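Undergrad: One letter stands for each residue in the lines below.
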Amino acid sequence: MGRFILRRIGLTLVTLVIVSMTVFAAAQLLPGDLGRTILGPYATKAQVDALNHELGADQPLPVRYWNWASDFARGDWGTSPVQNVEVRPYVLGRFKNSLILAAFAFVLIVPLSITFGVVAALNYGKALDRCITITGLSVIALPEFVMGVFLIVVFAVQLGWFPDISQVPGTNPVDWFRQLLLPALPLMFVLFGYVSRMARAGTVDALQSDYARTAVLKGLPRRTVVRRHVLRNALLPTITVVAVQIGYLVGGLVVVESLFSYPGIGQLILTAATGHDLPTLEAAVLLIALVYTVANLLADVLYAVLNPRVRLAST
Amino acid sequence: MSATTADGVRVARRERRRELYRAILRSRTFLVGAGVVGFWVLDALLWRVIVPQDPQAITASETLKAPSTAHWFGTDNVGRDVFSRVLAGAAAVLTVAPLATLLGVTGGIAVGLVAGYYRGIVDDVVSRLIDALLSFPLIIIAVLVLASLGRDTRNVILVIAVIFIPIVGRTVRSAVLVEREREYVAAARLRGERGPYIMVAEILPNITGPILVETTIRLGYAIFTAATLSFFGLGLQPPSPDWGLTIASQRAFLQVAWWTVVFPALALATLVVGVNLLADGLRQVVEE
Numbered sequence: 021m022g023r024f025i026l027r028r029i030g031l032t033l034v035t036l037v038i039v040s041m042t043v044f045a046a047a048q049l050l051p052g053d054l055g056r057t058i059l060g061p062y063a064t065k066a067q068v069d070a071l072n073h074e075l076g077a078d079q080p081l082p083v084r085y086w087n088w089a090s091d092f093a094r095g096d097w098g099t100s101p102v103q104n105v106e107v108r109p110y111v112l113g114r115f116k117n118s119l120i121l122a123a124f125a126f127v128l129i130v131p132l133s134i135t136f137g138v139v140a141a142l143n144y145g146k147a148l149d150r151c152i153t154i155t156g157l158s159v160i161a162l163p164e165f166v167m168g169v170f171l172i173v174v175f176a177v178q179l180g181w182f183p184d185i186s187q188v189p190g191t192n193p194v195d196w197f198r199q200l201l202l203p204a205l206p207l208m209f210v211l212f213g214y215v216s217r218m219a220r221a222g223t224v225d226a227l228q229s230d231y232a233r234t235a236v237l238k239g240l241p242r243r244t245v246v247r248r249h250v251l252r253n254a255l256l257p258t259i260t261v262v263a264v265q266i267g268y269l270v271g272g273l274v275v276v277e278s279l280f281s282y283p284g285i286g287q288l289i290l291t292a293a294t295g296h297d298l299p300t301l302e303a304a305v306l307l308i309a310l311v312y313t314v315a316n317l318l319a320d321v322l323y324a325v326l327n328p329r330v331r332l333a334s335t
Numbered sequence: 399m400s401a402t403t404a405d406g407v408r409v410a411r412r413e414r415r416r417e418l419y420r421a422i423l424r425s426r427t428f429l430v431g432a433g434v435v436g437f438w439v440l441d442a443l444l445w446r447v448i449v450p451q452d453p454q455a456i457t458a459s460e461t462l463k464a465p466s467t468a469h470w471f472g473t474d475n476v477g478r479d480v481f482s483r484v485l486a487g488a489a490a491v492l493t494v495a496p497l498a499t500l501l502g503v504t505g506g507i508a509v510g511l512v513a514g515y516y517r518g519i520v521d522d523v524v525s526r527l528i529d530a531l532l533s534f535p536l537i538i539i540a541v542l543v544l545a546s547l548g549r550d551t552r553n554v555i556l557v558i559a560v561i562f563i564p565i566v567g568r569t570v571r572s573a574v575l576v577e578r579e580r581e582y583v584a585a586a587r588l589r590g591e592r593g594p595y596i597m598v599a600e601i602l603p604n605i606t607g608p609i610l611v612e613t614t615i616r617l618g619y620a621i622f623t624a625a626t627l628s629f630f631g632l633g634l635q636p637p638s639p640d641w642g643l644t645i646a647s648q649r650a651f652l653q654v655a656w657w658t659v660v661f662p663a664l665a666l667a668t669l670v671v672g673v674n675l676l677a678d679g680l681r682q683v684v685e686e
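Quick mapping for you: the protein sequence lines, in order, are chains X and Z.
Mapping the first sequence onto the numbering used here, position 220 (from 1) lands on 240, and the numbers just tick up by one.
Mapping the second sequence onto the numbering used here, position 176 (from 1) lands on 574, and the numbers just tick up by one.
These aren't lab readings, by the way, just hints derived from the structure by calculation.
Incorrect hints may appear among the rest.
What the hints assert, rightly or not - Simulated restraints on C-beta separations:
no. : chain 1 : residue 1 : chain 2 : residue 2 : range
1   : X       : 127       : Z       : 603       : 45 to 55 Å
2   : X       : 37        : Z       : 552       : 27 to 37 Å
3   : Z       : 419       : X       : 34        : 20 to 30 Å
4   : X       : 135       : Z       : 685       : 26 to 36 Å
5   : X       : 281       : Z       : 592       : 53 to 63 Å
6   : Z       : 470       : X       : 294       : 53 to 63 Å
7   : X       : 158       : Z       : 465       : 22 to 32 Å
8   : Z       : 424       : X       : 145       : 15 to 25 Å
9   : Z       : 470       : X       : 33        : 38 to 48 Å
10  : X       : 132       : Z       : 685       : 23 to 33 Å
Predicted model only: the values in this text are computed from it and were never measured.
Ideal Cβ positions, reconstructed from N, Cα and C, are used throughout, including at glycine.
Looking at chain X on its own, in the form it has when it is part of the complex:
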């Protein structure tokens, strides 16, 4: 078990290093000269060169990567030349806002999706099953920004129930729903589609398994069979899907945050990328990668802890 976890941590670190190199390389491809950007068009060539030397921008790429990565690891994320603020509090603040929105969507929809998936599987082939399956398929058919636009038209513009620009909510729970429900809905639709489908598939498999049949044959009531034998096995694959959805959530956040002008990290990445704000962009993307890979790591470990077969197969 220990070896398995160590191996997974090692692989996660390798992935993170590759990702950080990619982010750094991509950001360096952005056109423009750092010294020239800071000093403006009237500075002499010598002044620009001197500043570049002072900032280390004239050093070879691997050296600059190392400086940037080690500074980042030590918590020095630099300053944003565009916003003129320190990057770390700026990015972390936006990240917290995104976390609020994502957690809101997650907490509301994941238990609901799992319940619906299990209910669909228990009514396999019946009208209720078909109803849930079709709903799940149709809510993921549309791009999030199209869904978001429809939601704004109906609920913000026509009915006026919600604001069309969402702010970070205060402590009042009513305020939470008012500010967050509309931007969270497109995310919730997509999550519902995937998670309910996986929960249904897992439950259907478990229901048809030998151990479920044995439990039925030895005379256990159906409710006990479902609770004690089926659900435990059925929800295992669902855990992995839920963790993978964290990666999706980040992509979805970019869309809904810019649609609803919500000050989260997704919107930040978009504005930093289009506004050539390199330190902010690099830090934000790397932070996302960190969250994503750690979530995957936790899902794998959890899966292995809960399912001894995986553990044995992979060592």
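Since the structure of chain X is provided, determine the placement of chain Z on it from the hints.
TA: Same frame as chain X, but now just chain Z:
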């Protein structure tokens, strides 16, 4: 003797393929999807002939007019006819998405064949790279690359294609892993055929089913992604009538003129749903 056997195999193969086509044409899901997609493809080819008005014609006196008999879908903030722009907008997304899908699937087939057929170190390296690429939200890669390489249609196509390669590669690889253990592959190896020949001439024709399904699924995602990227202003630039771009630029007038946004959004929705139905119908037939 060997010639007749080869002929027999070829006839059987053709027969099987014909049976598959017949099954596909019987699937109602597929036919509805094909109808919707066919409509938009025709429109993308013929929009110059069928638009009632010039989609770029600006009329200062006719801004943000509600739908009427003169303008079925109303007019936008500079008085352009929304109906004509919706019809003209299909061409953009139906150029980007199929090209990106084609490139991505071709690359994915090559990667998947090599990784699945040779196994060993090639497979290990390719699989690790696939994992690393897949471990990142697609839209963030696209935003990063487009911001650094510049925003134009060619880059949008390339970004989507490159992101698709590992995804398609993974599907192809797992199909190849099953096929490479079959007798016909062993027979070809005994005949002394070389790896590339076996991959392309022997294995590839036998995995067209999963590849076809994967291609239609990818096409749906390509439309999805292309639309989202142009919504962010990272794809086509104004005054293109592209749907995603139109939705983004007309959003500001949503309160007073919902029609400028809702109709392009509906157009995009029908296209995505159509492609998904097409993919679903194909998958059901191939999996049976």
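Undergrad: So, for every hint listed, does it hold in this structure?
TA: Each hint tested on the structure:
| no. | hint | verdict |
| --- | --- | --- |
| 1 | X:127 <-> Z:603: 45 to 55 Å | holds, 49 Å |
| 2 | X:37 <-> Z:552: 27 to 37 Å | holds, 31 Å |
| 3 | Z:419 <-> X:34: 20 to 30 Å | violated, 46 Å |
| 4 | X:135 <-> Z:685: 26 to 36 Å | holds, 28 Å |
| 5 | X:281 <-> Z:592: 53 to 63 Å | holds, 59 Å |
| 6 | Z:470 <-> X:294: 53 to 63 Å | violated, 35 Å |
| 7 | X:158 <-> Z:465: 22 to 32 Å | holds, 26 Å |
| 8 | Z:424 <-> X:145: 15 to 25 Å | holds, 22 Å |
| 9 | Z:470 <-> X:33: 38 to 48 Å | violated, 58 Å |
| 10 | X:132 <-> Z:685: 23 to 33 Å | holds, 29 Å |
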